[in-house]
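Q: Residue-level listing of the chains:
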Amino acid sequence: AQSVTQLGSHVSVSEGALVLLRCNYSSSVPPYLFWYVQYPNQGLQLLLKYTTGATLVKGINGFEAEFKKSETSFHLTKPSAHMSDAAEYFCAVSDQGFQKLVFGTGTRLLVSP
Amino acid sequence: DTEVTQTPKHLVMGMTNKKSLKCEQHMGHRAMYWYKQKAKKPPELMFVYSYEKLSINESVPSRFSPECPNSSLLNLHLHALQPEDSALYLCASSRDLSGGNEQFFGPGTRLTVL
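So the protein lines, in turn, are chains W and V. If you use our numbering, the first sequence corresponds to residues 2 to 114, in order. If you use our numbering, the second sequence corresponds to residues 66 to 179, in order.
There's no promise every hint is true.
Here are the computed lysine-lysine pairs in the DSSO-like style, where the Cα-Cα straight-line distance is at most 27 Å [as the list claims (entries may be wrong)]:
#, chain 1, residue 1, chain 2, residue 2
1, W, Lys101, V, Lys118
2, V, Lys87, W, Lys101
3, W, Lys70, W, Lys50
4, V, Lys118, V, Lys83
5, V, Lys74, W, Lys101
No lab work stands behind these hints: they were computed from the structure.
With the rest of the complex left out, here is chain W (with noise of 0.2 Å):
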């Protein structure tokens, strides 16, 4: 069965510094991976993914995430945070068969000025 493990519940960060948040995986087979972000009472929102070929994604939001397969990891990065960054971001990962996506427990990130 594939899972996703987020390490650390609240990330806080400072406007300009860099954003990092941590996703690994199992799975059993190739995987396909996410980043989506949710602002409060809000649906969630793709940020990027990572299906097969180029290991380095890049999303929006200047978000990208890097796939490596011998650490089973899929870590979101973003070089300066902005406050409007601030929000509750889930990785998940779905095999090739079939699109249902198993989700991490989510990593709010808190920005101050």
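Here the structure of chain W is known, so what remains is to put chain V in place on it, guided by the hints.
A: Chain V only, in chain W's frame:
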């Protein structure tokens, strides 16, 4: 149009009421999903429709009854709910059920059961 719409935005109902949640998309997607999300938790999958047929029911109690009248619409009929059913109900759609397709989420319906 890359939007999934959900109505109503908020819903308060008693345990004896019958109500329905509605979801609509016009992206030509053939897979549609209902999720339940409790506070500070990830979304939990409830139902999946593929080509208007129920594909997955994640052992959801029968007081929740999904319906897919056509390829653009998805309803969730609610009856005799319990207070613990209070949550944010999210609808999503994707091109089909093939892995790797992005799921587009609606803004959700905030349900409170009294």
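Q: Look at each hint and say if it fits the structure.
A: Evaluated hints:
1. W:Lys101 <-> V:Lys118: With Cα atoms ~16 Å apart, W:Lys101 and V:Lys118 stay inside 27 Å; holds.
2. V:Lys87 <-> W:Lys101: holds (21 Å)
3. W:Lys70 <-> W:Lys50: Measuring from Cα to Cα gives roughly 15 Å; hence the hint holds.
4. V:Lys118 <-> V:Lys83: Holds. V:Lys118 to V:Lys83 sits at ~23 Å (cutoff 27 Å).
5. V:Lys74 <-> W:Lys101: Holds - the C-alpha atoms of W:Lys101 and V:Lys74 are around 25 Å apart, at most 27 Å.
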